[in-house]
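Visitor: The chain contents come next:
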Amino acid sequence: MSDIPTAEELIKINHNPPATDWMDTPVNIRKGMYCYASNPKSVAYLGLPNARKWNPLDDDWKLPENWQQILHEGFKERLERFRTFKVYMDICVRCGACADKCHFFIGTGDPKNMPVLRAELLRSVYRNDFTTAGKVLGKIAGARELTLDVLKEWWYYLFQCTECRRCSVFCPYGIDTAEITIMGRELLNLIGLNIDWIATPVANCFRTGNHLGIQPHAFKDMLDFFVEDIEEVTGIDLEVSYQKKGADILFITPSGDVFADPGTYTCMGYMILFDYLKKEYGLDVTWSTYASEGGNFGFFTSHETMKRLNAKMYAEAERLGVKWILGGECGHMWRVVTQYMDTMNGPANFLEEPVSPITGTKFENTKSTKMVHIVEFTADLIKHGKLNLDKSRNDHLNITFHDSCNTARGMGMLDEPRYIINNVCNNFHEMPANTIREQTFCCGSGSGLNAGEDMELRMCGGLPRAHAVKHVHEKYGVNSLACICALDRAVFPDLMDYWVPGVEVTGLHEMVANALVFPGECKRTTDLRGEPLLGMEDEADE
Amino acid sequence: MNVKYMFSLMAVVFLFLFSYLGAEVAGLKVLFGIIIPYVAILIFVAGFVSRMMDWAASAVPFAIPTTCGQQSSLPWIKQNRIDNPSTKTGVIIRMLLEILCFRSLFRNTKMKIHQGQKISYKLEIWLWVSALAFHWAFLVVLVRHLRFFTEPIPGFVKFLEFMDGFFKIEFVDSFMQIGLPGIFMSGLVLLAAVSFLLVRRIMVPQVKYISLAADFFPLFLIIGITVSGIYMRYVSKVDIVGIKELTMGLATLHPTIPEGISSVFFVHLFFVCSLLVYIPFSKLMHMGGIFLSPTRNMLANTRAFRHVNPWNYPVKTHTYEEYEDEFREKMIDAGLPVDKKE
Amino acid sequence: MNDKSKIIAGLVIFFIIFAFPIWYNMFKSKPAPELTLTEKAKAAKECVRSKEYMTKNHMQLLDVWRDKVVRHDTRVYVNTEGKEFKMSLSNTCLDCHSNKAEFCDKCHDYASVQPYCWDCHIDNPKEKNDGKQ
Numbered sequence: 001m002s003d004i005p006t007a008e009e010l011i012k013i014n015h016n017p018p019a020t021d022w023m024d025t026p027v028n029i030r031k032g033m034y035c036y037a038s039n040p041k042s043v044a045y046l047g048l049p050n051a052r053k054w055n056p057l058d059d060d061w062k063l064p065e066n067w068q069q070i071l072h073e074g075f076k077e078r079l080e081r082f083r084t085f086k087v088y089m090d091i092c093v094r095c096g097a098c099a100d101k102c103h104f105f106i107g108t109g110d111p112k113n114m115p116v117l118r119a120e121l122l123r124s125v126y127r128n129d130f131t132t133a134g135k136v137l138g139k140i141a142g143a144r145e146l147t148l149d150v151l152k153e154w155w156y157y158l159f160q161c162t163e164c165r166r167c168s169v170f171c172p173y174g175i176d177t178a179e180i181t182i183m184g185r186e187l188l189n190l191i192g193l194n195i196d197w198i199a200t201p202v203a204n205c206f207r208t209g210n211h212l213g214i215q216p217h218a219f220k221d222m223l224d225f226f227v228e229d230i231e232e233v234t235g236i237d238l239e240v241s242y243q244k245k246g247a248d249i250l251f252i253t254p255s256g257d258v259f260a261d262p263g264t265y266t267c268m269g270y271m272i273l274f275d276y277l278k279k280e281y282g283l284d285v286t287w288s289t290y291a292s293e294g295g296n297f298g299f300f301t302s303h304e305t306m307k308r309l310n311a312k313m314y315a316e317a318e319r320l321g322v323k324w325i326l327g328g329e330c331g332h333m334w335r336v337v338t339q340y341m342d343t344m345n346g347p348a349n350f351l352e353e354p355v356s357p358i359t360g361t362k363f364e365n366t367k368s369t370k371m372v373h374i375v376e377f378t379a380d381l382i383k384h385g386k387l388n389l390d391k392s393r394n395d396h397l398n399i400t401f402h403d404s405c406n407t408a409r410g411m412g413m414l415d416e417p418r419y420i421i422n423n424v425c426n427n428f429h430e431m432p433a434n435t436i437r438e439q440t441f442c443c444g445s446g447s448g449l450n451a452g453e454d455m456e457l458r459m460c461g462g463l464p465r466a467h468a469v470k471h472v473h474e475k476y477g478v479n480s481l482a483c484i485c486a487l488d489r490a491v492f493p494d495l496m497d498y499w500v501p502g503v504e505v506t507g508l509h510e511m512v513a514n515a516l517v518f519p520g521e522c523k524r525t526t527d528l529r530g531e532p533l534l535g536m537e538d539e540a541d542e
Numbered sequence: 001m002n003v004k005y006m007f008s009l010m011a012v013v014f015l016f017l018f019s020y021l022g023a024e025v026a027g028l029k030v031l032f033g034i035i036i037p038y039v040a041i042l043i044f045v046a047g048f049v050s051r052m053m054d055w056a057a058s059a060v061p062f063a064i065p066t067t068c069g070q071q072s073s074l075p076w077i078k079q080n081r082i083d084n085p086s087t088k089t090g091v092i093i094r095m096l097l098e099i100l101c102f103r104s105l106f107r108n109t110k111m112k113i114h115q116g117q118k119i120s121y122k123l124e125i126w127l128w129v130s131a132l133a134f135h136w137a138f139l140v141v142l143v144r145h146l147r148f149f150t151e152p153i154p155g156f157v158k159f160l161e162f163m164d165g166f167f168k169i170e171f172v173d174s175f176m177q178i179g180l181p182g183i184f185m186s187g188l189v190l191l192a193a194v195s196f197l198l199v200r201r202i203m204v205p206q207v208k209y210i211s212l213a214a215d216f217f218p219l220f221l222i223i224g225i226t227v228s229g230i231y232m233r234y235v236s237k238v239d240i241v242g243i244k245e246l247t248m249g250l251a252t253l254h255p256t257i258p259e260g261i262s263s264v265f266f267v268h269l270f271f272v273c274s275l276l277v278y279i280p281f282s283k284l285m286h287m288g289g290i291f292l293s294p295t296r297n298m299l300a301n302t303r304a305f306r307h308v309n310p311w312n313y314p315v316k317t318h319t320y321e322e323y324e325d326e327f328r329e330k331m332i333d334a335g336l337p338v339d340k341k342e
Numbered sequence: 001m002n003d004k005s006k007i008i009a010g011l012v013i014f015f016i017i018f019a020f021p022i023w024y025n026m027f028k029s030k031p032a033p034e035l036t037l038t039e040k041a042k043a044a045k046e047c048v049r050s051k052e053y054m055t056k057n058h059m060q061l062l063d064v065w066r067d068k069v070v071r072h073d074t075r076v077y078v079n080t081e082g083k084e085f086k087m088s089l090s091n092t093c094l095d096c097h098s099n100k101a102e103f104c105d106k107c108h109d110y111a112s113v114q115p116y117c118w119d120c121h122i123d124n125p126k127e128k129n130d131g132k133q
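Residue numbers (my numbering), protein chains in the order written: chain G, 1 to 542; chain B, 1 to 342; chain U, 1 to 133.
Simulated from the structure, these hints should not be mistaken for laboratory data.
We put the CB at the ideal spot given by N, CA and C, even for glycine.
One or more of the hints may lead you astray.
[To be verified] Covered by chain B, according to a simulated footprint, are these stretches of chain G (three or more residues, beta-carbon under 8 angstroms):
(1) 68 to 81
(2) 116 to 128
(3) 135 to 143
(4) 327 to 341
Please construct the entire structure, taking both the sequences and the accompanying hints into account.
Guide: Given below as structure tokens:
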């Protein structure tokens with residue numbers, strides 16, 4: 001992160017637009033603000049169009065000769081297939097309510113990061129190609145031709161949107177920029193314009209079942225490491241079940257939890273919880289290496305790619321003959337599961353309507369998808385007193401909670417995580433009201449933008465979230481940012497180091513596991529990370 | 001100077017001159033009083049229907065409501081039934097609040113960075129207030145105008161007039177006389193609100209930057225309608241009975257042009273016709289579009305009930321068999337269960 | 001599709017409301033009311049001002065009269081031609097236009113105007129004498 005401006009410099013943001021009209025301001029593709037172009041091998045592996053090596057900084061993007069025609073036809077097809085797209089192209093009144101709601105506009109001041117203008121990038125071409133006024137009046141009607149410069153502008157700004165939907169909450173017509181970005185990215189994919197941080201994980205996921213390309217044996221190795229770590233810290237001896245036919249529940253979580261700190265501790269949290277439930281209540285949960293990815297970067301490519309990756313979940317559940325699926329803590333995975341999965345790959349009639357075998361609770365709200373969120377599952381367990389929890393074991397943490405965009409605005413899971421937090425720790429402080437729940441701010445790195453090369457963009461986009469954390473850090477001494485998204489866990493450590501040093505990042509189930517008291521367990525002196533518990537500093541050293 | 005609003009202003013000035021000169025100088029009263037109004041209404045109706053049906057023709061493949069509150073999940077967690085509606089009633093209430101009260105706009109905040117230190121997001125109510133005032137005042141003015149299109153005048157119109165003129169503002173002086181005919185608040189509120197929206201569009205740098213000529217044109221046009229109406233009622237005075245004769249002629253399909261109607265009336269009428277014609281081809285279609293916005297009008301019960309995509313097609317997936325074929329040996333070595341053992 | 005029928009239903013409702021004036025009036029032409037003048041008014045030929053001025057501005061004229069009489073104790077009105085009149089609704093206006101129902105109310109009702117003259121003034125002091133011929 002040495003080559004990006006310091007936090008003091010970066011926050012000096014000018015939100016006033018330039019003197020030149022936006023149509024006359026050419027795009028400047030700037031280092032640190034974009035992600036590298038996709039690796040042709042990944043694109044080819046997926047069978048997506050125009051696999052070739054290219055560089056966004058080059059003049060020549062090596063496009064197919066008839067790229068304008070491809071995009072025009074693609075545009076037309078999507079207008080017919082998606083009412084959202086068509087209506088949102090037509091009805092925006094440019095009231096500007098969305099402008100300062102976008103974390104990228106707040107963090108960069110670039111007017112083309114105002115949601116309305118991001119959409120206008122596409123609308124201007126829509127008017128030119130599909131409306132009479134645009135065809136007759138041209139520029140004064142806000143229409144313009146799709147030139148190479150316009151295309152570059154699309155690419156640059158459609159990969160500066162994290163599809164967080166915050167603007168859609170404030171729009172009087174509910175215009176959803178995520179939807180527009182999704183369509184725009186689909187169009188770009190038709191001519192081979194993707195970023196590698198999306199294309200390669202998608203190819204990996206397609207082949208190995210997870211984004212990181214971890215092959216089955218290595219996946220098992222990772223979990224075996226966690227088994228050892230868990231035993232070391234807690235003395236618990238546990239076993240993980242893989243691809244077990246006839247198990248009660250198939251568990252799927254984003255692979256980020258398996259691979260990257262501090263998500264790994266959340267993963268250990270799941271494992272400890274399942275082991276507890278197995279020993280206490282005989283719950284039979286199995287993991288799959290084939291469907292070892294909850295997250296779905298296909299969602300950031302096209303609806304079709306999303307469907308191709310998501311299909312594994314139901315396919316594996318059917319093959320294993322489980323009763324239902326339990327999903328881990330993840331953001332966009334839950335947007336896909338909540339609003340797309342059943343429609344795309346359902347109906348999952350081979351599964352049963354989810355019932356908690358421990359509490360008998362029927363998860364009525366999931367009776368069609370047959371997939372329960374682990375936070376809902378655990379909250380239900382706590383409510384029924386099925387977990388023996390010692391809150392004080394999280395006393396060294398002072399928690400605030402970040403609502404992930406997708407679980408907030410694409411699902412509405414707001415109170416379940418708070419219920420768990422209040423039951424596993426004593427120190428919890430909310431961030432200011434305009435930055436949480438449905439108004440939550442994005443981490444700034446969602447929708448496949450969590451690469452290394454666009455760090456400046458990520459720090460800009462994460463500014464509003466980080467500053468809300470800073471507020472509670474300074475006011476209440478918050479030292480830990482809890483979240484229920486693997487991507488959050490992967491990107492927040494960088495963001496916190498940059499804006500709010502001294503705040504760590506944790507998953508919810510890491511805290512659950514810290515607090516969970518096993519019968520006859522040995523005394524715990526540290527948390528899962530090996531950090532001493534409050535008042536145990538001396539004993540932990542021994 | 002900004003070419004976008006100048007263009008729109010000029011367009012409205014042109015419409016004014018066209019109709020004023022047309023009625024006053026050329027005396028084309030049949031054209032402006034009968035032919036254009038009927039043509040405008042036909043274009044409005046046909047255009048409105050075709051736009052709505054055009055939207056209706058597009059599929060709704062996924063249920064993607066923006067959830068703005070707690071979901072329905074465990075029975076002991078209180079659901080936000082309106083902002084995250086899992087029932088039709090909830091959706092209807094959500095849509096009503098959106099359409100009648102501009103609920104989403106009410107959430108509007110203004111972001112400010114204080115000395116590069118703190119960021120605040122304060123409630124910013126004025127856009128909501130002016131938008132709401134504008135739309136409701138417009139509706140009241142519209143309904144009030146039914147007095148020109150009905151005989152006998154229905155009670156609800158009279159009641160609305162009574163309410164609208166409730167504050168009997170009156171002021172008499174040798175120079176100025178205000179209050180006769182009685183002041184209707186709606187017209188003044190409409191003019192104030194539309195002016196505020198215009199000033200906002202020109203003065204707020206970000207809003208000015210995103211504005212197109214198509215954003216200024218309807219504002220100028222509506223200002224034109226409002227000002228010509230207010231001018232006729234309070235300043236120039238017109239032969240109201242003659243005007244009603246003309247409008248009743250339109251409404252009963254027995255069109256007629258009575259003598260002595262001032263040209264300002266024809267300007268007013270022509271502005272209204274221009275607006276009617278403009279609606280179906282512009283952003284003003286948001287009045288119909290808001291009903292079709294899938295982030296607001298869909299049920300957020302997608303995990304309990306399956307939404308069907310009319311064009312869902314099979315895709316190429318990577319099956320478990322293919323996966324196992326590729327990794328079988330490694331899986332066996334690692335002790336992972338496999339379907340086919342070699 | 002299911003929602004297409006909903007959209008059509010919505011459109012139908014919208015246009016039924018939009019077309020309210022058409023079906024409310026049942027296509028029957030309803031001519032504007034004719035002014036009925038009393039013999040006395042006919043004989044006078046000219047009101048205090050021209051007919052055209054009176055049609056558009058009588059309400060303001062009356063308002064000024066009231067103001068002058070009640071608040072400034074001025075009782076004589078001199079019109080543009082120098083003719084003098086006593087500023088009085090009951091004694092000057094209603095002297096000629098003694099047929100309030102025919103002369104005033106018809107148009108006021110037609111245009112939905114509710115003047116408040118009659119909040120204080122007696123409807124028509126001379127009606128019994130020569131209001132009806």
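Visitor: Confirm or reject each hint.
Guide: Structure-based check of all given hints:
1. Counting residues of the region 68 to 81 of chain G whose CB lies closer than 8 angstroms to any CB of chain B gives 3, so the stated coverage by that chain holds, three being the minimum.
2. Interface restraint, the region 116 to 128 of chain G with chain B: holds (3 residues with C-beta to C-beta distance below 8 angstroms; minimum three).
3. Remark: the region 135 to 143 of chain G is confirmed as covered by chain B, as 3 of its residues place a Cβ nearer than 8 angstroms to a Cβ of that chain, reaching the required three.
4. Against chain B, the region 327 to 341 of chain G contributes 4 residues with a C-beta closer than 8 angstroms to a partner C-beta. That satisfies the three-residue criterion, and the hint holds.
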